[in-house]
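*Asks:* Please take these sequences and the hints and turn them into a complete structure.
Sequence order for the protein chains is H and G.
The first sequence begins at 0 in numbering that gives the first Met the number 0 and counts up by one.
The second sequence begins at 0 in numbering that gives the first Met the number 0 and counts up by one.
Worth flagging that the hints you see were computed from the coordinates, not collected in a lab.
Errors might be hidden in some of the hints.
[Said to hold, decoys possible] Lysine-lysine pairs mimicking DSBU-like chemistry, simulated, CA-CA at most 30 Å apart:
1. H/Lys10 x G/Lys77
2. G/Lys101 x H/Lys242
3. H/Lys242 x G/Lys72
4. H/Lys1 x G/Lys101
Just so we're clear, the structure is a prediction, and the values are computed from it rather than from any experiment.
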Amino acid sequence: MKYVFGKSGQKMLEAYSIANTLFAFDFDGTLAKIVSEPDFAQMSQKTAKLLSTLNEMAPVCIISGRSLKDISRRLQAKPRCIVGNHGLEGLPNSQYSIRRAIAACHTWKMDFKKLPLGKHGISIEDKEYSLALHYRKSRTKRITKKILLEMASSLTPSPRIIMGKHVINLIPVGAPHKGMALMELLLECGAATAIYIGDDDTDEDVFCLPENRILTIRVGDKKSSRARYFLKYQGEINRLLEKMIRFRRQA
Amino acid sequence: MTRVSAEELLEISKRYKQWLAFQRLNRECEKQLGISITQWHLLRWVYEFPGITPGQLAEKTELHKSSITPLVKRLLRKGFLAIETDAWDRRRHFLAITRSGKLIVDKAGKLVKEYVKKDTVKDSPRHTGGSHLAST
Numbered sequence: 000m001k002y003v004f005g006k007s008g009q010k011m012l013e014a015y016s017i018a019n020t021l022f023a024f025d026f027d028g029t030l031a032k033i034v035s036e037p038d039f040a041q042m043s044q045k046t047a048k049l050l051s052t053l054n055e056m057a058p059v060c061i062i063s064g065r066s067l068k069d070i071s072r073r074l075q076a077k078p079r080c081i082v083g084n085h086g087l088e089g090l091p092n093s094q095y096s097i098r099r100a101i102a103a104c105h106t107w108k109m110d111f112k113k114l115p116l117g118k119h120g121i122s123i124e125d126k127e128y129s130l131a132l133h134y135r136k137s138r139t140k141r142i143t144k145k146i147l148l149e150m151a152s153s154l155t156p157s158p159r160i161i162m163g164k165h166v167i168n169l170i171p172v173g174a175p176h177k178g179m180a181l182m183e184l185l186l187e188c189g190a191a192t193a194i195y196i197g198d199d200d201t202d203e204d205v206f207c208l209p210e211n212r213i214l215t216i217r218v219g220d221k222k223s224s225r226a227r228y229f230l231k232y233q234g235e236i237n238r239l240l241e242k243m244i245r246f247r248r249q250a
Numbered sequence: 000m001t002r003v004s005a006e007e008l009l010e011i012s013k014r015y016k017q018w019l020a021f022q023r024l025n026r027e028c029e030k031q032l033g034i035s036i037t038q039w040h041l042l043r044w045v046y047e048f049p050g051i052t053p054g055q056l057a058e059k060t061e062l063h064k065s066s067i068t069p070l071v072k073r074l075l076r077k078g079f080l081a082i083e084t085d086a087w088d089r090r091r092h093f094l095a096i097t098r099s100g101k102l103i104v105d106k107a108g109k110l111v112k113e114y115v116k117k118d119t120v121k122d123s124p125r126h127t128g129g130s131h132l133a134s135t
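*Replies:* The following block contains the structure:
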């Protein structure tokens with residue numbers, strides 16, 4: 000991974016920004032800071048303003064792990080597309096997977112309801128089509144994570160487990176992921192290329208795509224990530240948005 | 000001896016004229032902007048698809064891979080292209096257009112448009128006597 004504000008990174012960013020590009024973002028940890036209570040996550044005023052400016056110039060999409068309803072109310076400007084539940088919600092051709100996802104999530108929720116999770120600082124976020132097990136408030140995070148993973152792997156139907164920052168995401172197997180969502184959005188928007196910025200393990204579905212027409216940027220440097228570029232920390236998102244807007248204007 | 004029909008002759012003459020027009024355009028482009036039409040064509044693809052690899056570029060432009068390398072090198076030297084190596088596979092390179100490359104694409108595009116316009120006028124039956132040829 001290279002630093003996006005390095006010499007080659009800036010050149011690539013400019014080349015992608017001036018083309019027929021779709022600008023796609025993850026929400027938590029990318030546009031908004033990670034907070035201890037997921038409900039309080041929101042974009043800063045400056046980020047919201049910059050995103051809205053970019054939205055007027057080019058197609059902007061948000062692909063988040065949150066439910067569509069939840070993410071929609073956190074965005075001030077209405078972007079071209081919003082996709083929720085890690086790619087499950089908001090895509091036009093996902094009716095079949097949605098029905099299966101609802102059934103699977105209901106079964107898992109029933110299994111977890113039997114356990115006293117609240118006592119151990121665990122909360123379940125029901126996103127209707129997927130479940131998120133938050134353990135940020137747990138005092139013994141490592142042990143809690145281990146127990147939750149053991150439980151998750153014994154569920155039926157077995158879920159696809161994606162690790163996040165102090166969260167374990169349970170997604171129905173075979174459901175569309177963020178990578179698939181982005182590919183579909185590219186078609187939908189008629190864009191030739193895309194820039195995707197994300198911070199989490201769920202974003203690796205996009206970073207792993209064998210598509211060099213997608214410029215991938217990760218918030219935070221991580222050796223094992225397949226993203227091509229990185230931002231040092233979330234606060235740099237404003238600088239990135241400003242650059243994109245400037246390049247776009249100059250073009 | 001194989002006889003060439005009037006239609007075939009007309010077609011050959013049309014293509015020959017197109018080829019001559021292309022040569023003229025190429026010379027003009029090199030004189031005014033310092034790039035050939037082939038280089039402009041290549042730049043256009045990189046502009047449309049940033050991150051394209053030289054192999055993909057060869058496919059898109061229908062040029063041989065071996066002729067892409069010197070062309071890309073020339074454009075890199077001129078500062079119209081930027082190149083980046085894939086961190087996961089050092090053999091793979093991504094190409095992107097620079098600001099000056101984009102400017103040259105636009106300028107050459109205008110030149111090509113003007114030329115095509117002029118040539119269309121020249122090739123019209125009134126200017127070339129094409130109507131007479133067509134009737135024979």
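*Asks:* Against each hint, give a clear statement of whether it holds in the structure.
*Replies:* The hints, checked one at a time:
1. H/Lys10 x G/Lys77: 15 Å, holds
2. G/Lys101 x H/Lys242: 17 Å, holds
3. H/Lys242 x G/Lys72: At roughly 28 Å apart (the allowed maximum being 30 Å), G/Lys72 and H/Lys242 satisfy the hint.
4. H/Lys1 x G/Lys101: 24 Å, holds
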